[in-house]
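Undergrad: Residues per chain, in single letters:
Number of protein chains: 2
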Amino acid sequence: MNIPHPYLMFLGDVQDQLGAKTAQGIVDWRRDWCLGQIRLEGCKADLGIPDMTIAEAAGQGARTLVVGVVNAGGVLPEHWTSVIVQAIEAGMDVASGLHTRLESIPAIAEAAARHGRQLFNVRHSDQRFATGKGTKRPGRRLLTVGTDCSVGKKYTALALEKEMRARGMDADFRATGQTGVFISGRGVAIDAVVADFISGAVEWIAPAADPAHWDLIEGQGSLYHPSFAGVSLGLLHGAQPDAFVVCHEPTRSTMRGVQHPLPSIQEVIDLTIRCGRLTNPAIRPVGIAINTKAYGEDEARACLEAAAKAHDLPANDPIRFGVGEIIDRLTEEFATE
Amino acid sequence: MNIPHPYLMFLGDVQDQLGAKTAQGIVDWRRDWCLGQIRLEGCKADLGIPDMTIAEAAGQGARTLVVGVVNAGGVLPEHWTSVIVQAIEAGMDVASGLHTRLESIPAIAEAAARHGRQLFNVRHSDQRFATGKGTKRPGRRLLTVGTDCSVGKKYTALALEKEMRARGMDADFRATGQTGVFISGRGVAIDAVVADFISGAVEWIAPAADPAHWDLIEGQGSLYHPSFAGVSLGLLHGAQPDAFVVCHEPTRSTMRGVQHPLPSIQEVIDLTIRCGRLTNPAIRPVGIAINTKAYGEDEARACLEAAAKAHDLPANDPIRFGVGEIIDRLTEEFATE
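Taken in sequence, the protein lines are chains A and B. The letter at position 300 of the first sequence is residue 300 when you use the working numbering, and the numbering goes up by one with no holes. The letter at position 79 of the second sequence is residue 79 when you use the working numbering, and the numbering goes up by one with no holes.
What the hints contain is simulated information worked out from the structure, not anything from laboratory work. Computed from a prediction, not measured in an experiment: that's the story for all the values here. Be careful, since some hints might not be right.
Just so you know, same-sequence chains aren't split out, so a pair can sit in one copy or run between any two.
[Said to hold, decoys possible] Computed cross-link-like contacts, DSBU-like style, restricted to lysine-lysine with a CA-CA straight-line distance of at most 30 Å:
id, residue 1, residue 2
1, Lys293, Lys136
2, Lys44, Lys309
3, Lys309, Lys293
4, Lys136, Lys44
5, Lys293, Lys21
6, Lys293, Lys133
7, Lys21, Lys133
8, Lys21, Lys162
9, Lys136, Lys162
10, Lys21, Lys309
11, Lys44, Lys293
12, Lys293, Lys162
13, Lys133, Lys309
14, Lys136, Lys309
15, Lys309, Lys162
Next comes chain A alone, as it looks inside the complex (with noise of 0.2 Å):
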């Protein structure tokens, strides 16, 4: 799945800038990919990008519209669909992260066929996956786990990724979710792929690789999730990490969606080791990724300060303070091996 860019980024009508999610994570990361926004009347997200037409935006060289946005069904509403077969007269393919297809669609559909252009379903993948194997491959891998969904665990993995690339090393982010799919213009949404192969897409995405290189593995949920723990354990035994980074929210008291109160640093930390076993004996913890956005900057410096000396492991928070210390962990650890 290779999309072109520069992107038209589409957010539609949603309600809330959390609608925006997709389209936000794309312009943090690949800033330079986002030519602009587009947005209907009554929208109230807003990427901090130059607004423009489809004319301005085809005329300024864009080539995918991206419909960015994440809502309740992952349904696509049926007064979006005269934006996006302009956007393909215009000459722009379009890729979308909702559940529904956008061939599904006749309108689009017919309009693609009419202009050749491409459609873009990164929650779905046309992609045959064998079942996982557990076999050890060459390459080095480290997983971002979490104590919960939605605590960082992407964002670690490409601040990682673009620290590492800094200094030289060799590395790539692997993308498990349809955000991360957009801004590598590659991966698989783990989510939604038949339950028998979670382990074996895994493999595909992350394969055999130099020996020191590195792939920065996106992690998914949590084991200790009870809606999606199936999926962040297959993704473990498919990801065969010698290294992992445990992200955490430190205000958040029960489990996303679900009653269920967030496990300890340490519990995700030995459950990790355990299971991980299974494919990579090998495997261990290097640092800690605490989102403090929600702390000043004294507050912040102390929360980081206990888990590290908690758990004898860097700890950072990579949006506000980077990752330098967990990457110098990285090297002393594999340097000798």
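Fit chain B to the supplied structure of chain A, relying on the hints for placement.
TA: Here is chain B on its own, set in the frame of chain A:
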């Protein structure tokens, strides 16, 4: 999915007895639903029930032609189509456990439409599931778990249902695989569900029930199988079992389809409790089911005794010696609660 019986079992021309595993499971557990079998020239499997033509079966009241075979890729061979169409023309519905959807074959779809017959694709569910919630539901649940795939999890759950009903207990087998769905006429092939909905689908399969009612939930895979552990964990969380039985095959040296060694029964008990506590803190083992087919009578008895002693649990071979002691333990454990 209510598949009308009696069934005519179609084996095509599968090349060994294993290819007819689904059909054999149905005959083993629902002999009175199976009128006969129909086989193409060169078929190497035999269910030990009368061979009959479509006309003979229709004359005796067969209501569904069951395509009860497994093959690599789950594809329906083209040369099987004409028998299926003939069955439809003779008034039968058709149910298939293959990956290929019956209606994707034009001749079959047209015949079914013309004659108003139903097509059942047992591996696929049209049910829309919610994501799992992990909230404790009323009713008792027992899950069969395994040291590997194909170690008797389905047969153990079915044997428990049979014996518990014979004792006047209120118990229902809950199918999570295609053969189980054929046998019970309901359920969901959980390995074919989209990954995000594994635990949610199991919550749907084994819903809230009378406090004294037992669901006997068919397990899948193993928490230690690198290909399928994600499915097994989602199933465990969705089932939120009060009790579990560990199923084991003592002669196997590596896990099915991969090179990994089998875990010990104790490892499976420990990890099942550790992970299962997330949705049922009171989860506990109540027995061990060992497939002793490869052993003579004395060796089988010795193997079961050793396992019972090592784990302080009743150990039995459900097919060879029954499940009485496991139900005794279950009754004892839960009588006072």
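Undergrad: Could you work out which earlier hints the structure fails to respect and list their numbers in ascending sequence?
TA: Going through the list in order, the structure violates hints 1, 2, 4, 10, 13 and 14 and respects the others.
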